[in-house]
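S.K.: What follows is the residue order along each chain.
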Amino acid sequence: MPEKTSIGGAGLIGILILAVVLIAVPHLVSFSQQELLVLLTINVLVVVSYRLQTLTGEWSLAHVVMMGAGAYGSALFAKSFGFPVPLAMIAGAITAGVIATVLSFPLFRMKGFYFLIGSFAAGEILRLIWKRFTDPFGGPKGIQRIPGFPEIDLGFIHIDFYDPANYYYLVLVVVLVSLWVLYRVEKSRIGLTFHAIHWQDKLSESVGVDAFRYRMLAFVIASFFAGLAGALYAHYLSTVNPNQFDVNTMVYVLIWTIVGGTSRWYGPILGVVALTIVDEVILRSIGVDQVRPLLYGLILILAILFLPNGLESLVIKARDALRNRGGANLPNGQAVARK
Amino acid sequence: MPDFLLQTVFNASYAASYMALIAVGLVLIFGVMGVINFAHGELYMAGAYAIVFFYVWSGLPFFVAVALGLVFVGCLGILMELTLFRPLRTNPLGGLIASIGFLLILQTLAVLGFGLRNQNVPPVSQGRITVGGAFLTYERLYVIIATIGLLTALYFFLRKSKFGWALRACAQDREAAALQGISINQTARYAMFIGAALAGVAGAMTAPLVAPSPYMGHSVIVTAFIIIIVGGIGSLEGAVVAAVLYAFVHTFVTTFYDGVIANIVGLLLMLAVLVVKPQGLFGVRERA
Chain R
1 MPEKTSIGGA
11 GLIGILILAV
21 VLIAVPHLVS
31 FSQQELLVLL
41 TINVLVVVSY
51 RLQTLTGEWS
61 LAHVVMMGAG
71 AYGSALFAKS
81 FGFPVPLAMI
91 AGAITAGVIA
101 TVLSFPLFRM
111 KGFYFLIGSF
121 AAGEILRLIW
131 KRFTDPFGGP
141 KGIQRIPGFP
151 EIDLGFIHID
161 FYDPANYYYL
171 VLVVVLVSLW
181 VLYRVEKSRI
191 GLTFHAIHWQ
201 DKLSESVGVD
211 AFRYRMLAFV
221 IASFFAGLAG
231 ALYAHYLSTV
241 NPNQFDVNTM
251 VYVLIWTIVG
261 GTSRWYGPIL
271 GVVALTIVDE
281 VILRSIGVDQ
291 VRPLLYGLIL
301 ILAILFLPNG
311 LESLVIKARD
321 ALRNRGGANL
331 PNGQAVARK
Chain V
340 MPDFLLQTVF
350 NASYAASYMA
360 LIAVGLVLIF
370 GVMGVINFAH
380 GELYMAGAYA
390 IVFFYVWSGL
400 PFFVAVALGL
410 VFVGCLGILM
420 ELTLFRPLRT
430 NPLGGLIASI
440 GFLLILQTLA
450 VLGFGLRNQN
460 VPPVSQGRIT
470 VGGAFLTYER
480 LYVIIATIGL
490 LTALYFFLRK
500 SKFGWALRAC
510 AQDREAAALQ
520 GISINQTARY
530 AMFIGAALAG
540 VAGAMTAPLV
550 APSPYMGHSV
560 IVTAFIIIIV
570 GGIGSLEGAV
580 VAAVLYAFVH
590 TFVTTFYDGV
600 IANIVGLLLM
610 LAVLVVKPQG
620 LFGVRERA
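Protein chains in written order, with this note's numbering: chain R, 1 to 339; chain V, 340 to 627.
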């Protein structure tokens, strides 16, 4: 599926507008919304890395626990071993990757629904271990007073990362770099092999592709970035506990990803941004807190009934319409959606 | 010590019974419709609240309330099939998301109608059977008897009746069944009614023992998934065997260690089964 990577004039303007919006947005919203913005940006990394994992056709339910592994890892490296926080974050992400590597061996014996539930079980075991063993994981209360990101003081510039707006910029940079890496991985030979395994695993094995190794690779890369997201999360909230990474959170990640759509890299981003705005901004401002879950459920059902290929299908249709307006009736090869 | 063991066996039999009802319903829905019903725990919750409404508030006899609960939750199942799963029949992940949406709606309705707090359901019977030092209350015994009765009835329904044949045909191969003149829509409606009603009965029968709350479905659905995986998805017999196995292991480990360790052991058991037999104990190879 080679896509055009060159950016036209319209695309460039779009990117500029997006950049301005991303930089300006923390100054346009209230303090509590700034906090939300930090979490939303972290969640963008969670869903995009999740999509990479699903490219091979297997849907894991351990992704949020991998995020937790990064959060716990980073918190422990910083608090118990005295690592500097930036280093601890990377070490936490690597921890998540290593755990994913180990888990791959039992998990990728399974396929489909069995993998889905098998990965859930593996993740839940890890989570229950955090919950059960007070030393070093802190038990149900988790780890508290995790050191924050060190402030930068260059004399003339002083950046304090306890301020959500500043932490937002830090997260934004980390997330954008991660998204770029994930995008490059998908467009590389490795990413194409992921797609091949998804659609034709027997055929790709017959030409010498080791499907297990590639599934493991996708799982490990996705877990690394989920772990990084978790580390960003831990040093922002300064506390982690097992309940933050339970199946409820995983269900939300699944919802964001599927409602957004998975055939394009930006699909899950649309999902997480749109649903977070709907839930936290629009539904909250209506002031009907008690029926909020009901309305959210209704929106989910309507979204999946009327946009079965996700929000991204709107973008794809709009783009095709724009292209066809120019007169060149391109073959509609872009509209092939992943099931 | 033997009394203590016997008591644990009683407790495990009770847990195995209602979990088997829930898991068999889930397997039936997955088998016929190919959809993972995430809202199954909330159907169980709806059954428990049916008891709160019909038995506690309206004062009907307990078993009449259970029967009404069965019909009510079964109808909820049909509603799900008509509004969600039928339009999404070719989209299993969509069905999963839609069932999560339905779960949120049911939970909110329970909160709005009955409040957040746990409901107190007065005991149905004070009686108990005593064997040595161990005892089994009648309430728990009713659950065990109801499970055995319903599952036996389901077994004969699936083996002997025409609809049972149709259901099993759909579970094996939907297109081929349709070519034989079996109505997929009608069969799916029956499967949803039966699957949901079984969860509803489980909720209704256990309501006096668990004090219903709007979020009670949550822990049940996780256990139910473990059970249907260990048994092999699509295998009703497997679900029953796995429910018994899981309930015994879980109850014994809880008794001798603690609940969290029991959960870990249960999950490890499931992973072990999957590593040795990736299709579950009674599963056949997965359909593409």
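A few of these clues could be false.
[Claimed, not checked] Chain V regions said to be covered by chain R (calculated; three or more residues, Cβ under 8 Å):
#: 1; stretch: 388-396
#: 2; stretch: 430-442
#: 3; stretch: 488-496
#: 4; stretch: 562-571
#: 5; stretch: 606-614
No lab work stands behind these hints, which were simulated from the structure alone. Computed from a predicted structure; not experimentally measured. All C-beta atoms, glycine included, are put in the ideal place defined by N, C-alpha and C.
S.K.: Hints the structure violates: just list their numbers, smallest first.
M.R.: 1 and 3
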